[in-house]
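With the hints in hand, could you dock these two chains into one complex?
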Amino acid sequence: MSVGHIARAAELAGIATVIISADIFEQRLAVMNPPRTVLTPYPMGRPLGQAGNAAGQKATLLAGLRLLAEATEGGSVLRVDHPYC
Amino acid sequence: MTESGETFTQFKDSFLYGTRPDLNFKFLKNLTEEEAAVFLQQLLHKVGNLLDSGDATEIINHVRDGQRHGYRNPTQWAYEDKPFVPLNKPLPEATIGLMTSTGHFVDGEDPEPFGVEAMSQDEAVSRISDFLRVAPDLSRIPTDITPEALRVRHGGYDIRGSLADRNVALALDRMNELAAEGEIGRFANPAYSFVGAAAQTRLKNKTLPEWVQVFQEAQLDGLILVPV
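Residue numbers (numbering that gives the first Met the number 0), protein chains in the order written: chain A, 0 to 84; chain B, 0 to 227.
FYI, nobody ran anything at the bench for these hints, they're computed from the structure. We put the beta carbon where it would ideally sit given N, CA and C, even for glycine. Accuracy of the hints is not assured; some may be wrong.
Derived DMTMM-like pairs (lysine to aspartate or glutamate); straight-line CA-CA distance at most 25 Å [claimed, not checked]: (1) B:88 with A:72; (2) B:203 with A:25; (3) B:81 with A:72; (4) B:88 with A:69.
Sample of chain A residues facing chain B (criterion: CB under 8 Å; computed from the structure) [stated by the list, open to error]: (5) 1; (6) 3; (7) 8; (8) 10; (9) 12; (10) 27; (11) 41; (12) 44; (13) 51; (14) 60; (15) 61; (16) 62; (17) 64; (18) 76.
The shape of chain B in the complex, shown without the other chains (with noise of 0.2 Å):
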């Protein structure tokens, strides 16, 4: 305990949306309190090596163990079947869409959760709760939007990767340029977003099926899931 009555506990757990929010490490809150301290003692020999070495791979790739090993336990979604169609034609004939749970949106068609104006980030950090309570909105994204025209909210994980560059996870720029070089046979204009920290049934009852409406509406062949 610390001289402000803080256990370790405490803090390792404040990362989680608590008084110290990092979406990076939140993870901690899962990890046994030795697991966490382990976890940090390593990271600060790393940054100790990084001193000399001037590379941050084994810093990174110790975040990516570390966020590898707070998420390892299954959730409650399960399931025994496999469902499996064969893509219907060849690559360079087939039509590609593209959809990922980062929460991006079009500037100017903001989905406005809960009624609220221009949701900040840290607003959506910590209203995360609320979000696992309803069911997501579709945003749907022109495949040559630029990147100044492109929002991104999502209280569920580190948006800078995605504010650095689209492509991380929305790769618009990489499939468009996949289309031009003949791989895929078109982009389906336009891509999908949506805030994947939602409710999972809701989802599952109330809004899957009006997505695949969409999707098939799109004549999509082929849909690329990238979740965050």
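Here chain A stands alone, though its shape is the one from the complex (with noise of 0.2 Å):
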């Protein structure tokens, strides 16, 4: 999972990240322990949402910077669930 060596490089320089990814990859990612994960239940290749779907997208991006500003320690997850479609 290249962007969890990423999050951590990042992370140590100074600057704060927040992974957002389909769930399928949940185990992969837990075992490296990145900052903060958000985890959508979306298929592989769409992990902010549906084609089109604009809103969806923004609410799983808004989620992922609530994340990035309001967690308080690595290995962060938050999961959300809005419709795909």
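The following block contains the structure:
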């Protein structure tokens, strides 16, 4: 999981990070202990929501931004359940 | 075994860069014969339901559940420590970057992997093992780029969602909206993309020190990372 490595390196350089991923990769990400992770219940290749679902995509991004701002420790995980369609 | 001599195991494995490459269903190779048989039987049953309901939701959820099961085993990359820094300013004042592993690039700025001009998506799929042996290239994506000027190519996932709407992962439009609405101080320009199917050790040792410097020069306060 490339983004796990990137998140860790950026964080060590003082840049706060959040990964927003389809939860199909939950186990692969979890063992990397990334600083912050938002998990979405969507299919591979569409982690922010269905094509054309602008409201859902924005809601997912907002969840990521909230976690970026409010997390207090590494390994923070947030699950979102906005409908895919 | 079929009349052609193909076993069910060979059939289910053929979706992973085999005779029937399909990146949505390559996970079938990670399932046992019994698991794959149950997945396919249930998929067909739900297709039958769709004929009457007209609602594909349970099919979408079934595919996602199958993918989740197929990718349930962790990779070798495991860490005990948990690096963490808080966001150093409120979101409405923060500069937020976006990076995706989707393989997007600007038309005219093709990274030309392995020196191949205008590599097709099909060739990228067929050469996935080559991509996994090299460090990824960083593509800079202007945040005001038109959809017509954006390209995507990645041999590791089904790019049809990204072709239909870049915002399924590379959410340029949504991030621009969030900046305009004041949810964040600034959407850092450019955004970044690369092909996530890459040599992970080379990414860590060679690429990341350079990329972190790029992030620092862009004065990012926060970075959203979106894998596919």
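Structure-based check of all given hints:
no., hint, result
1, B:88 with A:72, "holds, 16 Å"
2, B:203 with A:25, "holds, 21 Å"
3, B:81 with A:72, "holds, 8 Å"
4, B:88 with A:69, "holds, 11 Å"
5, 1, "holds, 4 Å"
6, 3, "holds, 6 Å"
7, 8, "holds, 4 Å"
8, 10, "holds, 4 Å"
9, 12, "holds, 5 Å"
10, 27, "holds, 5 Å"
11, 41, "holds, 6 Å"
12, 44, "holds, 4 Å"
13, 51, "holds, 6 Å"
14, 60, "holds, 5 Å"
15, 61, "holds, 7 Å"
16, 62, "violated, 11 Å"
17, 64, "holds, 6 Å"
18, 76, "violated, 11 Å"
Hints 16 and 18 from the list above are not met by this structure, while the remaining hints are.
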